[in-house]
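Work out the full structure, taking the sequences as your base and the hints as a guide.
One line per chain: the protein sequences are G and Z, in this order. Sequential numbering from 81 applies to the first sequence in my numbering. Sequential numbering from 814 applies to the second sequence in my numbering.
To be clear, the hints were calculated from the coordinates, so they are not data collected in a lab. Note that CB positions come from ideal geometry on N, CA and C, so glycine has one too. Be careful, since some hints might not be right.
Okay, derived cross-link-like pairs now, DSBU-like style, lysine-lysine, Cα gap no bigger than 35 Å in a straight line [what the hints assert, rightly or not]:
hint	chain 1	residue 1	chain 2	residue 2
1	G	K485	Z	K936
2	Z	K1065	Z	K971
3	Z	K1043	G	K222
4	Z	K971	Z	K859
5	G	K485	Z	K825
6	Z	K1043	G	K242
7	Z	K1043	G	K216
8	Z	K936	Z	K1043
9	Z	K961	Z	K852
10	G	K112	G	K230
11	G	K379	Z	K825
12	Z	K1017	G	K376
13	Z	K819	G	K485
14	Z	K993	G	K376
15	Z	K964	Z	K815
16	Z	K1017	G	K379
17	G	K376	Z	K825
18	G	K376	G	K334
19	G	K485	Z	K1043
Covered by chain G, per the in silico footprint, the following chain Z stretches (three or more residues, Cβ under 8 Å) [claimed, not checked]:
hint	segment
20	869-882
21	927-937
22	1003-1015
Here are some chain Z residues pointing at chain G (derived, C-beta under 7 Å) [as the list claims (entries may be wrong)]:
hint	residue
23	I904
24	A924
25	L1039
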Amino acid sequence: MKLLLTGARIIDPAQNIDSRMDIFLEDGKIAKIGTDISKSLKSKSSEKITKIIDLTGMIIVPGLIDMHTHLREPGFEYKETIASGVAAAVAGGFTSIACMPNSNPVNDNRSTTEFIRRKAAQAALANVYPIGAISKDSAGVKLTEFWDLKEAGIVALSDDGKPVMDAALMRRAMEYGFSLQLPVISHCEDTNLSGGGLMNEGYYSTILGLSGIPGIAEEAMVARDILIAEFTKTSIHIAHVSTAGSVHLIRDAKKRGLKVTAETAPHYFTLTDESLQSYDTNFKVNPPLRSEQDLKAIKEGLADSTIDVIACDHAPHGRTDKEVEFEYAANGISGLETSLALSLNLILDKTLNWPELIAKMSTNPARILNLPKGTLEAGADADITVIDPLLQWTVDLQTFRSRGKNSPFNGRRMQGKAVLTIVGGEIKYDGR
Amino acid sequence: MKFEKKDILGIKDLSIDEINLILETAESFLEISTRKIKKVPTLRGKTIINLFYEASTRTRTSFEIAGKRLSADTINISASTSSVVKGETLIDTARTLEAMNPDVIVIRHSASGAPHILASLVKQSIINAGDGAHEHPTQALLDMMTIKERKGKISGLKVAIIGDIEHSRVARSNIYGLSKMGAHVVLAGPATMLPRDIEQMGTKVFSRIEDALVDADVVMMLRIQLERQKQNIFPSLREYSQHYCLNRSNIKLAKKDVIVMHPGPINRGVEISPDIADDPSCSVILDQVNKGVAVRMALLYLLTGGSE
Ligand SMILES: [Zn+2]
Ligand SMILES: [Zn+2]
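Here it is, written out as structure tokens:
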């Protein structure tokens, strides 16, 4: 398939490009990118261009990458399958996603990794990069076989869903992982401090009578992992940063030249714990929605590059997981289909400009996970997201491709949407 | 005034006018309890379901008597939250109950917010009979009624609430209610029992009982749940009672005509020394029980359209 995309504004932070250009895709790769391609191609006429798509008014960016998703298969197919997860991904504009290992069985072994990759290949929508468990069964006791997992295709290590409470085990994982160029992603939560908590600890947990998760439950672990990275001269990636204190710790670590990277999720710069007053379990997420000050600090961290990545922590659940008392409800938001539009608000409110946002949703996650993605350079894989920046739409759970209909954003008015998602030169989603 | 609310989920949602209407209605029902035949036909043909996920003989009995005195049919359902599929039962139960078409569902649940979920699922009126550590509106209403009767007013009084504020729905409902009605509410308890940012509810907070008792018109002692010891929020019952028990000595800091309240059941000698608990000159604990029935009658009456 040969595709010529014309008329759009092309933004590629990797090449410092932000201008109107054409882009020509051939054999799954980006063949050419430039201002006069359409003329030169037409004049040659020998080339049989399969399709020319006029994308005037649209924005073309390197395929978006979400480095933190939960696909639930194997084990929890009623929440999500790999097939429904990648369908949600491309509908949300994501050409690649990395999936956390907390399936059942946990992805702590070669055969589970291979199973995930096989299912993803069958679905043939978005690229799926499995993340392997740090510890067997993510139980926090014994390391998994990093080398074997890497050969099977994992791109990073994490016990996400659970923290690694044992600091010595975390140290070993970071040392061993670093030597294999496998980034370690840390779900920072001191479970002794968060124990039994249901929402952010503060005024709202007090008036709602829900036990609180203090910000320090996250920050104590962020600090610990930064110290380990510093001492062992390794790197750490902090997942779902939710508090002002974490932002300060990471900013300081970066100033000191440490190899620390971080992500946050759209709900942490969109919602606060105030929204829990309805006891709507769709707002229940871990780490929990924090205070207004935290939200402000997250935006500042995004603006000054303390936070490198936006990843939605896509956590689909079935109805029975959420339609219960707040206390018993599962944590998580089905995020892939709202992540881009929520993130585009950061441009509207001037927190970020376009190249900065696209860097956080494509270039940077590709760099952190060592993926050969995240750029529109000639020769790169033809993974492309086309965004209509002005499209007005309303979130409707019934239209979600994800099996997880758990979103606090149902009914919300949005501006901006992915309208075309191209993976390996093939159109995998066309919402025009 | 017409009562517009569909549900009574918490005192937070009630206006001053609504609280006054409930208290006035309750006062008019108080008289029924003194009659020889303690029954009026007001709610004949109405059905009230008491759905209790948490054992509470006192509150359930109080609602049951309230319903019976108004001639309503009352049905008690004791449900368990111990099953593995926790919560699923609430949704299922809600659908079943709705099909039975009662007029009011009274719910007690150990999970904060459970009544709100139920209220969002069914069209019937819901009365929160206590949810987790969130609210216990009928308790606060009966407390306010008791105070009003004894003191002639609520506005301007100093009310000290003492004990485990963090885990107390009685405290939260009373802070909302008493503050709305113009009282000055002060709190005291060990720092580990004072939830974060509680002062933002508009109360003064102390860690010593003595500081809160100074010039108090009303002292409300909260029940200590003994199993909380496991969470290390207090080292021992012995130490707690030595420093937070209301006794003959520290009560002198309060006004001479102070009244002492307790939502019950009391751990005698832990929260209140026995001589004070049983002293009719200051203890209004038995009064509270009596007011409880009247307040619940008032709510059942108002929610079923009694004010129309
Ligand atoms: Zn996590
Ligand atoms: Zn996660």
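Now the hints, each set against the structure:
Under the criterion of a C-alpha separation no larger than 35 Å, the hint pairing K485/G with K936/Z is consistent with the structure, at around 24 Å. Taking the CA atoms of K1065/Z and K971/Z, the gap is near 15 Å; set against the 35 Å cutoff, the hint holds. Simply put, K1043/Z and K222/G have alpha-carbon atoms about 30 Å apart, close enough for the 35 Å limit, and the pair holds. For a cut-off of 35 Å, the pair hint linking K971/Z to K859/Z is broken: about 40 Å separates their Cα positions.
Between the alpha carbons of K485/G and K825/Z the distance comes to roughly 31 Å, so the proposed pair stays at or under 35 Å and holds. Taking the CA atoms of K1043/Z and K242/G, the gap is about 24 Å. The hint holds against a cut of 35 Å. Under the criterion of a C-alpha separation no larger than 35 Å, the hint pairing K1043/Z with K216/G is consistent with the structure, at around 31 Å. Between K936/Z and K1043/Z the CA atoms are separated by roughly 40 Å; this puts the pair beyond 35 Å, and the hint is violated.
Proximity of K961/Z to K852/Z is assessed by CA-CA distance (about 25 Å); at most 35 Å being required, the pair is judged to hold. Proximity of K112/G to K230/G is assessed by CA-CA distance (about 33 Å); at most 35 Å being required, the pair is judged to hold. Restraint check for K379/G and K825/Z: the C-alpha separation of about 32 Å stays at or below 35 Å, so the hint holds. With a C-alpha separation of about 29 Å, the suggested pair K1017/Z and K376/G falls inside the 35 Å cut-off, and the hint holds.
Distance check on the hinted pair: K819/Z and K485/G sit about 29 Å apart at the alpha-carbon level, within 35 Å; holds. For the proposed pair K993/Z and K376/G, the alpha carbon gap of about 32 Å is at most 35 Å, so the pair holds. Our distance criterion of 35 Å between C-alpha atoms is met by K964/Z and K815/Z, whose separation comes to about 27 Å. For the given pair, K1017/Z sits about 34 Å from K379/G by alpha-carbon distance, which is consistent with the 35 Å threshold.
Of the supplied pair hints, the one linking K376/G and K825/Z holds, its CA atoms being roughly 28 Å apart against a limit of 35 Å. Of the pairs offered as hints, the one joining K376/G and K334/G holds, with about 20 Å between alpha carbons and a cut-off of 35 Å not exceeded. A hinted pair counts as satisfied when its Cα atoms are at most 35 Å apart, and K485/G with K1043/Z does not qualify at roughly 38 Å. Check result for the segment 869-882 of chain Z against chain G: violated, 0 residues qualifying (beta carbon to beta carbon below 8 Å, three or more required).
Judged by the Cβ-Cβ criterion of 8 Å, the segment 927-937 of chain Z is covered by chain G as claimed, because 3 of its residues qualify and three suffice. Note: the segment 1003-1015 of chain Z has 6 residues with beta-carbon separation from chain G under 8 Å; the three-residue rule is met and the coverage holds. Given hint, I904/Z at the interface with chain G, holds; its Cβ is 5 Å from that chain's nearest Cβ, closer than 7 Å. At a threshold of 7 Å, the smallest CB-CB gap from A924/Z to chain G is about 4 Å, leaving the interface hint in force.
Hint status for L1039/Z: violated, given a least beta-carbon distance of 18 Å to chain G, over 7 Å.
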